[in-house]
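Okay, here's what each chain looks like letter by letter:
There are 2 protein chains.
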Amino acid sequence: MSKGKLLYAQSGGVTAVINTTAAAVISTARQHGIKVYAARNGVIGALREDLIDTAKESASAIRGLAHTPGGAFGSCRFKLKSLDTDRAHYQRLIEVLRAHDIRYLLYNGGNDSADTSLKISQVSRELGYELACIGVPKTVDNDLAVTDCCPGFGSVAKYTATSVLEASLDVASMAESSTKVFVMEVMGRHAGWIAASAGLAQRGEDDPPHIILFPEIAFDQAKFLAKVKATVAKVGWCTVVVSEGLHHADGRFVAEAGSKDAFGHSQLGGVGPAIAALVKDELKMKVHWAVPDYLQRSARHLASQTDHDHAWAVGEQAVHYALAGKHGVMPVIRRTSDAPYRWKIEAAPLTKVANAEKKMPKNYLRRDGYGITQACRRYLEPLIRGEAAPPYGKDGLPSYVKLKNLPVPKKLPAYSL
Amino acid sequence: MSKGKLLYAQSGGVTAVINTTAAAVISTARQHGIKVYAARNGVIGALREDLIDTAKESASAIRGLAHTPGGAFGSCRFKLKSLDTDRAHYQRLIEVLRAHDIRYLLYNGGNDSADTSLKISQVSRELGYELACIGVPKTVDNDLAVTDCCPGFGSVAKYTATSVLEASLDVASMAESSTKVFVMEVMGRHAGWIAASAGLAQRGEDDPPHIILFPEIAFDQAKFLAKVKATVAKVGWCTVVVSEGLHHADGRFVAEAGSKDAFGHSQLGGVGPAIAALVKDELKMKVHWAVPDYLQRSARHLASQTDHDHAWAVGEQAVHYALAGKHGVMPVIRRTSDAPYRWKIEAAPLTKVANAEKKMPKNYLRRDGYGITQACRRYLEPLIRGEAAPPYGKDGLPSYVKLKNLPVPKKLPAYSL
Numbered sequence: 001m002s003k004g005k006l007l008y009a010q011s012g013g014v015t016a017v018i019n020t021t022a023a024a025v026i027s028t029a030r031q032h033g034i035k036v037y038a039a040r041n042g043v044i045g046a047l048r049e050d051l052i053d054t055a056k057e058s059a060s061a062i063r064g065l066a067h068t069p070g071g072a073f074g075s076c077r078f079k080l081k082s083l084d085t086d087r088a089h090y091q092r093l094i095e096v097l098r099a100h101d102i103r104y105l106l107y108n109g110g111n112d113s114a115d116t117s118l119k120i121s122q123v124s125r126e127l128g129y130e131l132a133c134i135g136v137p138k139t140v141d142n143d144l145a146v147t148d149c150c151p152g153f154g155s156v157a158k159y160t161a162t163s164v165l166e167a168s169l170d171v172a173s174m175a176e177s178s179t180k181v182f183v184m185e186v187m188g189r190h191a192g193w194i195a196a197s198a199g200l201a202q203r204g205e206d207d208p209p210h211i212i213l214f215p216e217i218a219f220d221q222a223k224f225l226a227k228v229k230a231t232v233a234k235v236g237w238c239t240v241v242v243s244e245g246l247h248h249a250d251g252r253f254v255a256e257a258g259s260k261d262a263f264g265h266s267q268l269g270g271v272g273p274a275i276a277a278l279v280k281d282e283l284k285m286k287v288h289w290a291v292p293d294y295l296q297r298s299a300r301h302l303a304s305q306t307d308h309d310h311a312w313a314v315g316e317q318a319v320h321y322a323l324a325g326k327h328g329v330m331p332v333i334r335r336t337s338d339a340p341y342r343w344k345i346e347a348a349p350l351t352k353v354a355n356a357e358k359k360m361p362k363n364y365l366r367r368d369g370y371g372i373t374q375a376c377r378r379y380l381e382p383l384i385r386g387e388a389a390p391p392y393g394k395d396g397l398p399s400y401v402k403l404k405n406l407p408v409p410k411k412l413p414a415y416s417l
Numbered sequence: 001m002s003k004g005k006l007l008y009a010q011s012g013g014v015t016a017v018i019n020t021t022a023a024a025v026i027s028t029a030r031q032h033g034i035k036v037y038a039a040r041n042g043v044i045g046a047l048r049e050d051l052i053d054t055a056k057e058s059a060s061a062i063r064g065l066a067h068t069p070g071g072a073f074g075s076c077r078f079k080l081k082s083l084d085t086d087r088a089h090y091q092r093l094i095e096v097l098r099a100h101d102i103r104y105l106l107y108n109g110g111n112d113s114a115d116t117s118l119k120i121s122q123v124s125r126e127l128g129y130e131l132a133c134i135g136v137p138k139t140v141d142n143d144l145a146v147t148d149c150c151p152g153f154g155s156v157a158k159y160t161a162t163s164v165l166e167a168s169l170d171v172a173s174m175a176e177s178s179t180k181v182f183v184m185e186v187m188g189r190h191a192g193w194i195a196a197s198a199g200l201a202q203r204g205e206d207d208p209p210h211i212i213l214f215p216e217i218a219f220d221q222a223k224f225l226a227k228v229k230a231t232v233a234k235v236g237w238c239t240v241v242v243s244e245g246l247h248h249a250d251g252r253f254v255a256e257a258g259s260k261d262a263f264g265h266s267q268l269g270g271v272g273p274a275i276a277a278l279v280k281d282e283l284k285m286k287v288h289w290a291v292p293d294y295l296q297r298s299a300r301h302l303a304s305q306t307d308h309d310h311a312w313a314v315g316e317q318a319v320h321y322a323l324a325g326k327h328g329v330m331p332v333i334r335r336t337s338d339a340p341y342r343w344k345i346e347a348a349p350l351t352k353v354a355n356a357e358k359k360m361p362k363n364y365l366r367r368d369g370y371g372i373t374q375a376c377r378r379y380l381e382p383l384i385r386g387e388a389a390p391p392y393g394k395d396g397l398p399s400y401v402k403l404k405n406l407p408v409p410k411k412l413p414a415y416s417l
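Chains as they are written, first to last, in the UniProt record's numbering: chain A, 1 to 417; chain B, 1 to 417.
Everything labelled a hint here was simulated from the structure, so no lab data went into it. Only true hints are included.
For identical chains, the list gives no copy identity; a pair is met inside one copy or between any two copies.
For lysine-lysine, the following PhoX-like pairs were computed, each having C-alpha atoms within a straight-line distance of at most 25 Å: (1) Lys344 to Lys394; (2) Lys286 to Lys79; (3) Lys81 to Lys352; (4) Lys404 to Lys234; (5) Lys234 to Lys223; (6) Lys358 to Lys344; (7) Lys280 to Lys79; (8) Lys411 to Lys56; (9) Lys234 to Lys410; (10) Lys284 to Lys79.
Given these sequences and hints, build the entire structure.
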């Protein structure tokens, strides 16, 4: 195989540490004399031949990239469909790679990306184009198969547990004469990993969060209200964490509001405010609610050191795999010990990762359905350990970098998506 | 004056650093051999004779208190009305103080608290009870008169600017194929200080936040939508920060929804989701919104060092004033220089602080009404400087303390509020 270039692409929702992986990829490739292009806005840029020349970025910019949240080259929500449906796209992709002598494709994303990486790998073989296609794991949802956890999750977990702890101290101090119930909505439409991470803040039975509403368990309104009431009676106040994916027994999302707001416009989701309104109306208690939304997955200022280390390691290893001629694999995290926490990176075949989803084990959910078990805590805790804070400027804000993102001259005719 | 005890009470909404002030009060009083009681849940506890003996807390607990958010002794929303209306309450208060030989009252709160402190001071003189009544400033709203800024504000400002910066990096990376507009709601019902602090994240014209909606300026829907549209056309995406106090020209809050949600319950406020729905329906753009609510004022993990230093200094000085026989005063922050930032603590008469409100100067708002001016930046920036991070435990969470809060034996008959 010729020693060609490496193309790095980000895909799907970004995380607080996806750029840490990007920085690791670029640094490692530089050490091996491999030129790295990045696809602008993920696979969309790859198809449009909109490539970024990372060689134009200074070493200090790449160091800064490692502690900057968001996706520095742009990511996208664009799913390549089956080979039959989207064959033209796959062929165009290989054409672009060939035009720029790109021999290594590192695709940094979640479930869909593993699947896309696999298909690109197949098409390249069919077309006789030598390409090492490596999937690189990333997702705050922590739902990738095979890997013990996903880079990006540990930091949102640390943010979530810390935020619940802090806001609950606020609620506790005001409960005598003000807010009695605090509701915080967290991400995770299909799996309750982020919701579960809030449980790390709970030390004793009466400590917050008192109730976690998981997407794995159908919402039981009467049982929930009874639990809130009992908690306020016993503790004086109550913190509730609810997953955006909470649903009714018939499968409808609780967040599917369909109501109108002050402007007469359709109300946007928000299971947090819906649960808060329920408590207020049914229990006549003063309620506050929070929806951190993107704040939770971009909070690089509160990144976990473990998560940072994972994110760096998968980027570094992905380059090593590519250079070693591996293809159709993904560097995954294998835990070898809980206490002390030990882990290593292994190559997993993309066929095993793609189209599978890691669910929360049943024994991670407490029997009453409102909290996490000791087994879950043992799994989650190492993932939020350590503080990988960014440097701060004299202006009091984190010093995040902005790359130049200079384009690589195009060689092919335009292609419309 | 006999060398009696000191009573410390927290009042109103708590902040990330009100306990820093509490720790300063207790440490300083201990150095002078003065015993400190704390009122449980603020003035409610003082009236109920529900007092906490802080002498039972270890030195290390008090050190930990300095970096723990929330109000460690409990705060309250309970406003003592005029002397005529609530004379019985004021008299009871003096009775409680007298029963425990409390000769120094430090009341840590916002506008209402300054007013209450003043009245207590008057009643004590009328009743011939020697009492040094000192107000201690605190409020995330930054609306206290006389003082240059309020302890608690700098940290929420740092949290707000950092969060807007981080979430915007997320939005920027996804905008090509996903969310185009991000709306973040911040606190501040009457003054736009917190909203203004978001402006610190903006470096250049095209940097976020692109639009800040202040409570000082009536909401102009058509102009706002045009600005969002123009921003997305130019930048590719748009970050909007909106104050919970945003109102229409006729004075109605934009957050006054009055609509029904999925449960058929009245929807709780939320100007953030309302603005998001407006953009989605009128401009047909994908929108996300965040409402950090209590997270913003309890985020001790992101406290500003300046804010921490102010909070400590007002607590320390309040004790010095009390011991020096001052009464009816509040230690306030006076800025003596912007660059380098220099400040000192001065005693201001409570008569000047009570019942006044510090508004945003007109020249702090940009002419188009959607951002802050250089003058505003010069004022705000020093307040978010420096990182006063708490220590973290091996579990990856901030090490916040829980005090014992042991009660002082009661000496008086019960009193119902």
